[in-house]
Amino acid sequence: MAERFTKSMARNMYMGGSLFFILIFVGLTMDTVRQMPGRDNRENLTEAVAHGKKLWEDNNCVGCHSLLGEGAYFAPELGNVFQRRGGEAGFKAFFKGWMNAQPLGIPGRRAMPQFNLSDEDLDALADFLEYASGINTNGWPPNIEG
Amino acid sequence: MKYESQAVAKPYFIFALVLFVGQILFGLVLGTQYIIGDFLFPEIPFNVARMVHTNLLIVWLLFGFMGAAYYMIPEEAETELHSPKLAWALFWIFAAAGTLTIVGYLAVPYATLAEITGNDLWPTMGREFLEMPTITKVGIVVVCLGFLYNIGMTVLKGRKTVINLVLITGLLGLALMFLFSFYNPTNLALDKYFWWYVVHLWVEGTWELIMASILAYVLIKVTGVDREVIEKWLYVIIAMALISGILGTGHHFFWIGAPEYWLWLGSIFSAIEPIPFFMMTLFAFNMVNRRRREHPNRAATLWALGCAVMAFLGAGVWGFLHTLAPINYYTHGTQLTAAHAHMAFYGAYVMIVLTIVSYAMPIMRGRPNGNSNKAQVVEMWGFWLMTIAMVFITLFLTGAGVLQIWLQRLPESGEALSFMATQDQIVIFYWLRLIAGLFFMAGLVVYLVSFFVGGDEPQLEKA
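Residue numbers (my numbering), protein chains in the order written: chain A, 1 to 146; chain B, 1 to 463.
Rather than coming from a laboratory, the hints here were simulated on the basis of the structure.
Watch out, some of these pointers could steer you wrong.
Claimed, not checked - Listed next, the in silico DSS-like pairs over lysine-lysine satisfying Cα-Cα at most 30 Å (straight line):
no.: 1; chain 1: B; residue 1: Lys85; chain 2: B; residue 2: Lys160
no.: 2; chain 1: A; residue 1: Lys7; chain 2: B; residue 2: Lys160
no.: 3; chain 1: A; residue 1: Lys7; chain 2: B; residue 2: Lys157
no.: 4; chain 1: B; residue 1: Lys374; chain 2: B; residue 2: Lys10
no.: 5; chain 1: B; residue 1: Lys232; chain 2: A; residue 2: Lys7
no.: 6; chain 1: A; residue 1: Lys7; chain 2: B; residue 2: Lys221
no.: 7; chain 1: A; residue 1: Lys7; chain 2: B; residue 2: Lys374
Fair warning: this is a prediction, and the values are worked out from it, not measured in the lab.
Construct all of the structure, not just a fragment, from the sequences and the given hints.
As structure tokens, this is what we get:
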């Protein structure tokens, strides 16, 4: 590097640059949190949804599935599974049937464990997935397959 | 070794390498499960193996960073470590907590682990990479506090070099950002938003400071280039890392509920994220070309150069490939993400830890000029086998990802293949990836064997 560019200039660039962008980032985070009520579907955050999210976490669902594209890529995306598997009319019935049928036991096929959830738990988990599908994701995913 | 207390780095490095082996073994299990879906089911379901694979990676890198700090900081500060005893105590606590957590993952169903570790009291589990029980997270914080106190006191009483200050800033930031792992709101969008405070601001923020300072340290040692020059580079690199990386967090906010302006901010700032990595490559090669001596530990120099190049390819190039919002719209959460993650973690963080191990371990084992030429040749075989295998793992996963996007993401609803049908179509790439993974394991074995190769210590030569 050129001699005109001194070490103290480099240090100032580091200190000033990072401080500046940390402040911008904090400001944008505050703005994001302020805008979230219009986007994150919090009006549908019921007790059941909260219970469903806890079940989602306690059973490490994200260890195979993705949710809004984040997680593992071993099993289907579940952010829009509500729409993909029946929506308002049929999702809950499909979901319970599916969960109770696991593991399918097809040789060589990726296998999902049986989590032995109660009917009430399955309702809550379905409610959580329905709530997640209502978050404004800027139009992601591109199609119903997730 | 100039200060005796530096030797406390040794158990950290050794344990890191043991965990590394575990990580790769479980990687091979996962690679097989991608092909034979019910492999080891129900004993080791995919989610369990994946948790072990990713958590072992994180923990062994943390062991590596801590070992690096214990080795570097006393030498840079020109004083003994504040308390080697504390460093040893924390080693055992961290090793025990880490081992217990992994055993917990494997021994009982995850829901049971959550229950017996009190996840109901303060739920933090079940989120990607932060799967460890809340009590383990508390343990990590305690270990980090003790560690930071120990190295902080050492720096305070000694010489304050730029390398030490940057390393400590990075480690402090690492500990600070980890605190966000305790925040887990019911609101999924907010949960995800602040989850990235840990994950992104670790790997694309604070960890880059740690990486750059270790690289700078090793380059000073192996090239003998003037400290002033190296420190100037270091400042510019970390300046660019934070200037691009902090707002670059926005590339994770595209599709999780955050406002639309993140599409622009995330795209623009993450597009410049490759720059600090490119500068690290220029830095490493420049310093080695301007070297004032021929350091007999050529393996360490190779790791330093390789790390800079692979970090640029994996984090920089493969990151840029899918970071722009209009592209990420189709690639988000596909095997392309996995491709990027593998090469980025290997290139940036695995290789930087192996760089400092390669430099420091021989010295701690009483070979100030590095291992024998014979041992170095074996180590370099390990380097090339692992690195080339990782290039192929990345290329095969990229192939899988591109085909997945083509079949599952690009067509309209109704015409697109389902996730599972797509997976069947891309299985050839998973076969190839598994073969490359076996080569990686072979490389790791060769690398480990190099520690047991004897021979005469190389002699110093004048440049």
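Here's how the hints hold up against the structure:
{"no.": "1", "hint": "B:Lys85 to B:Lys160", "result": "23 Å, holds"}
{"no.": "2", "hint": "A:Lys7 to B:Lys160", "result": "15 Å, holds"}
{"no.": "3", "hint": "A:Lys7 to B:Lys157", "result": "24 Å, holds"}
{"no.": "4", "hint": "B:Lys374 to B:Lys10", "result": "22 Å, holds"}
{"no.": "5", "hint": "B:Lys232 to A:Lys7", "result": "5 Å, holds"}
{"no.": "6", "hint": "A:Lys7 to B:Lys221", "result": "20 Å, holds"}
{"no.": "7", "hint": "A:Lys7 to B:Lys374", "result": "40 Å, violated"}
Consistency with the previously given hints fails for number 7 only.
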